[in-house]
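**Q** Given next are the chains, with one letter for each unit.
There are 2 protein chains.
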Amino acid sequence: MKVTVLPKVNEWSALCERPVFDQSQLEQNVQEIIENVREKGDEALCTYSLAFDGLTIEKFLVTKDEIELAENNVSQELKNAIQLAKSNIEKFHVSQLEESKVIETSIGVKCWRKSVGIEKVGLYIPGGTAPLFSTILMLGIPAQIAGCNEVILCTPPQKDGSLNPAILYTANLVGITKIYKVGGAQAIAAMAFGTTQIPQVYKIFGPGNQYVTKAKELIQREGIAIDMPAGPSEVLIVADETCNPSFVAADLLSQAEHGADSQVILLSDSMEIIQEVMNELDQQLEQLPRKEFAEKALSCSRAIQLNSIETCIDFSNNYAPEHLIIASENADKYVDSIVNAGSVFIGNYSCESAGDYASGTNHTLPTNGYAKNYSGVSVDSFVRKITFQSLNKNGIQNIGPAIELMAEAEALFAHKNAVTIRLKSIQND
Amino acid sequence: MKVTVLPKVNEWSALCERPVFDQSQLEQNVQEIIENVREKGDEALCTYSLAFDGLTIEKFLVTKDEIELAENNVSQELKNAIQLAKSNIEKFHVSQLEESKVIETSIGVKCWRKSVGIEKVGLYIPGGTAPLFSTILMLGIPAQIAGCNEVILCTPPQKDGSLNPAILYTANLVGITKIYKVGGAQAIAAMAFGTTQIPQVYKIFGPGNQYVTKAKELIQREGIAIDMPAGPSEVLIVADETCNPSFVAADLLSQAEHGADSQVILLSDSMEIIQEVMNELDQQLEQLPRKEFAEKALSCSRAIQLNSIETCIDFSNNYAPEHLIIASENADKYVDSIVNAGSVFIGNYSCESAGDYASGTNHTLPTNGYAKNYSGVSVDSFVRKITFQSLNKNGIQNIGPAIELMAEAEALFAHKNAVTIRLKSIQND
Chain A
1 MKVTVLPKVN EWSALCERPV FDQSQLEQNV QEIIENVREK GDEALCTYSL AFDGLTIEKF
61 LVTKDEIELA ENNVSQELKN AIQLAKSNIE KFHVSQLEES KVIETSIGVK CWRKSVGIEK
121 VGLYIPGGTA PLFSTILMLG IPAQIAGCNE VILCTPPQKD GSLNPAILYT ANLVGITKIY
181 KVGGAQAIAA MAFGTTQIPQ VYKIFGPGNQ YVTKAKELIQ REGIAIDMPA GPSEVLIVAD
241 ETCNPSFVAA DLLSQAEHGA DSQVILLSDS MEIIQEVMNE LDQQLEQLPR KEFAEKALSC
301 SRAIQLNSIE TCIDFSNNYA PEHLIIASEN ADKYVDSIVN AGSVFIGNYS CESAGDYASG
361 TNHTLPTNGY AKNYSGVSVD SFVRKITFQS LNKNGIQNIG PAIELMAEAE ALFAHKNAVT
421 IRLKSIQND
Chain B
1 MKVTVLPKVN EWSALCERPV FDQSQLEQNV QEIIENVREK GDEALCTYSL AFDGLTIEKF
61 LVTKDEIELA ENNVSQELKN AIQLAKSNIE KFHVSQLEES KVIETSIGVK CWRKSVGIEK
121 VGLYIPGGTA PLFSTILMLG IPAQIAGCNE VILCTPPQKD GSLNPAILYT ANLVGITKIY
181 KVGGAQAIAA MAFGTTQIPQ VYKIFGPGNQ YVTKAKELIQ REGIAIDMPA GPSEVLIVAD
241 ETCNPSFVAA DLLSQAEHGA DSQVILLSDS MEIIQEVMNE LDQQLEQLPR KEFAEKALSC
301 SRAIQLNSIE TCIDFSNNYA PEHLIIASEN ADKYVDSIVN AGSVFIGNYS CESAGDYASG
361 TNHTLPTNGY AKNYSGVSVD SFVRKITFQS LNKNGIQNIG PAIELMAEAE ALFAHKNAVT
421 IRLKSIQND
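Those protein sequence lines, which keep their order, are chains A and B. Heads up: the first sequence at position 109 corresponds to 109 in our numbering, and the numbers run straight through without jumps. Heads up: the second sequence at position 168 corresponds to 168 in our numbering, and the numbers run straight through without jumps.
Among the hints, erroneous ones may be present.
[Unchecked claim] Capping the alpha-carbon separation at 30 Å, the derived lysine-lysine pairs in DSS-like fashion look like this:
no., chain 1, residue 1, chain 2, residue 2
1, A, K424, B, K79
2, A, K120, B, K333
3, A, K291, B, K424
4, A, K101, B, K91
5, B, K59, B, K120
6, A, K424, B, K296
7, B, K424, A, K91
8, B, K79, A, K393
9, B, K8, A, K40
Hints listed in this document are in silico derivations from the structure and should not be mistaken for laboratory results. Computed from a predicted structure; not experimentally measured.
Bound conformation, chain A alone (with noise of 0.2 Å):
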C-alpha cells in the first residue's frame, strides 16, 4: 500500500482516482460476439462454447436430474448456512416493497403508484475462480419478492461440463429453475436478443469479468436494462485509534483478495493505527490462498493519514466508495455525513463479508465511484413504479382551468382542449 501522509484538499482528487484499463479493443470484440449471437442465436452459443470451454453443449438448459443430483452434493452444513443468509437477505430486502398509497392531490384528483415486477429478467452468475452462489441470493431473492415472472440465470459451465452443485441448490431454493450453462459475453446477448433455448429478458443483472461488464454496457444501448454500470470491487475503511488494526487488516485482504484490479484504501486519523494495519497485513497476507490476487491488488492501493476522522469521511464522500467500512467504537456519530457509499459497515464488528454473504442488505452495489449517482439492487431495481390517476367531474373542474391556462402558455392548443371539451360536456351535463 502507498502511504500519504495529510494531503492537501487539491490533492484528493488525484488520490480517489481509479486505474483506467484500456478497453479499445475489448469493445470491438465483444460487439463482434454479440452480433454473432443475435444472428445465429443457439449455433453462435455452441460455437462460443467448444472455443472458448472447450465443451460440445447442445441443450444449454440444466435439467430436473441435475438439479436434484446437485441437492445431494451440498453439504446439510452448507445448506444451513445458505438458507440463513437466504433468510436475512428476504426480511430486509421484503421491508424494501413499497406500499401503495393513494394520495387525494386535489379534491377529486388521487394520485398512486403501483410496484410491478419486471416481467422477464435474467441473472448473470460468473463462473471462473470461486462459485459466486451468493449472487444467486442477491439477485433471485428480490426477483422474487418483486414479483418477476420469468427469471432466467445464464452460468458458465466448468471444465467437466456440468455447475457446481452450490450454484444449482441455491438457484433451486429461490425458485429459479430456468438455469442456462452459458457463460461470457455471448450469454448477455442471448439474454438480451432471445434464441431458441434462451428466452429473451427486459433486464440483466450481475457482475462479470470485462467481457461480460461490456457485452451488458453495449447490450444497454440497444433499450435492454441493466442493473448498473460496473468497475472492479473496492472497500474504503476509516478507522481511527478505537478500530481493531487485525480486523481492519482481514477487512482490507477480504476485499483485496477478489482479484488483482481490487481498490482498497485506508483512512485514519492515526499513523500508528496506519502502521500496526500493514503490519498486520503483512502477517495475515502469508496464509492466504489467494495471495497472490491481494498483494497486486494492495500494490495499487492507498493508506492515508488525515487530520481528523470528520476529514476521513469527507474523503470518503469524494471517493464514493462501494463498501464503506467504519471502524470505530464511536461509528454511529458519523452515520449522518456519509453522503455517497453504496453500502456501509459500521462499527468494529460489521465486517464487509457479513454484508456480502449474509446480514440482509445486498452486494450488488456501485462501484468505480458510481455511488455518486447509482444505487445498489433492492427490490427497486426488479420493479417499474406505474403510476395512476383518477379524476372525477369534480376533479377535472377543479384542476381543469389550470391545466387550460398552463396548455395555453406552452402553445399545446390540443391539450389544453381535452380539458375544455370535458368542462363543457359536464356544464351540458
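Following the hints, position chain B against chain A.
**A** Only chain B this time, still in chain A's reference frame:
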C-alpha cells in the same frame, strides 16, 4: 389512422412496433459536439451559440435581474395555475419519500437503508416550438424533495437571447437559481464534464430533440447517469362503449400535437366506437394550430378492434405505452391487469393533459416500450438508497459461522478470515 380489425395474436408484435429512425450520422455529429465541449469548454459553447442560434453569448448564467423581470411578465392567472400544479406535484412526490426502517435480520444484526439526494443534478428543458415550463415542475420538485444539493438547469435561449418568462418564473419558484442559456447536445456535454461557467453534475434529466437524446445516451457511456432512454411520446387509449368518443379524440390529438413522430393507438372492442372517434378526430383536427404535426402523427398511428376490453389490456401490456388511458365508466376493474405502462389515466375524466400538468403524477415517463423495464421519474430518480448494517458481538456470533462456511465454499478465505478473527477475539474476551 390505420384501422386494423381483429388481428391475430401473432400479428400483435408487428402492430406494437415503433417507427425506427436512421441515427448513424446523428451519433457521429453529436459525438463531435461532445468532444469539442470536453476539450474547449465554454469556448465551444460560445461557438455553438453563434452557429446554431445566431447569438453571441459570453455569460450563460441567467442574472437575478432577468429572473425578477420575468416575474413581472407572467400573468397572475398563470402564476396561480403553476402554483396549483406545484402544490399537487409536491403532495404526490412527497409521499414517495421512503422512511428509514431498521430491520433486525438476526439478533444483533441491524440493517437499514437511507435515501440520500444525488448531490449534483442537471435538468435540461427544451426550447423550440413550446416553452416547456411544466417539465421544470416535474424535475425540479422531486429534486428538491430528494434533497439534491445543487440543481442546475440548461435551456436554449429564444431568438432574441432571452428566456421565456414562464421558464424563469417556474425555475425560480422551485428554487433553481443556476439557469444557463445553453441548449442542445452541447448543454448535455457541458453538464456532464463541467466547464468554467457550468458545473459538472452526476445525473442529467429532461427531454429534448434527437440531438439531446443522443447526447444523453453518449455521456451515459462515460459514467454520468441519465433519467432514462427516450423516444417519441405516445399514448394508447382503451375505449369501450361507455367512453365519450369526443373526449377520446381530444386525448388522441393532445398526444399527436407533440410532434410528427408522436404515436397514438386506439383500442376498442367496438367498431362503432372506433368509427365515432375517427369522425370526431376529423372535426377537432381542423381547429388545431399544430394541425400539421398532429396530422403527420396520426398518419403513422393505429386504431385496432379487438374482441374484448381484456384483450385490449393484453395488447397494451405488449405495447407498453408511455401513457395509457382507460376510457370507460368501468375503468377501475382493469387496473390490476395493467403490467406495462408509464402512467395510467383511469376513467373518462382523467385526460392525459391532467397528468401532463397538474394531477400530481410525473410526466417524464418511459417511451418506446421502455415501460417494460423502466419507471417514470419520481423522487427515487433523484436519490441513492445507501444500505447500512451494524453488527454487535452477538450479531457476528449469530451469523458468523454461516458466513465462514459460505466464504469457504466460494473459495474466498480472506472473506472467511475477517469473520474468524472477530469470533476468536470475542472468545478470548
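**Q** Evaluate each hint against the coordinates.
**A** Results of checking the hints against the structure:
1. The straight-line distance between the Cα atoms of K424 of chain A and K79 of chain B is roughly 24 Å, inside the 30 Å bound, and the hint therefore holds.
2. Of the supplied pair hints, the one linking K120 of chain A and K333 of chain B holds, its CA atoms being roughly 25 Å apart against a limit of 30 Å.
3. At most 30 Å may separate the alpha-carbon atoms for a hinted pair to count; K291 of chain A and K424 of chain B meet this at roughly 22 Å.
4. About 12 Å separates the Cα atoms of K101 of chain A and K91 of chain B, which keeps this hinted pair within 30 Å; it holds.
5. Simply put, K59 of chain B and K120 of chain B have alpha-carbon atoms about 21 Å apart, close enough for the 30 Å limit, and the pair holds.
6. Restraint check: the Cα-Cα separation between K424 of chain A and K296 of chain B comes to about 28 Å, which is no more than 30 Å; the hinted pair holds.
7. A threshold of 30 Å between alpha carbons decides the hint, and for K424 of chain B with K91 of chain A the separation of about 28 Å falls inside it, so the pair holds.
8. At most 30 Å may separate the alpha-carbon atoms for a hinted pair to count; K79 of chain B and K393 of chain A meet this at roughly 24 Å.
9. As the CA atoms of K8 of chain B and K40 of chain A are separated by approximately 28 Å, the hinted pair is consistent with the 30 Å bound.
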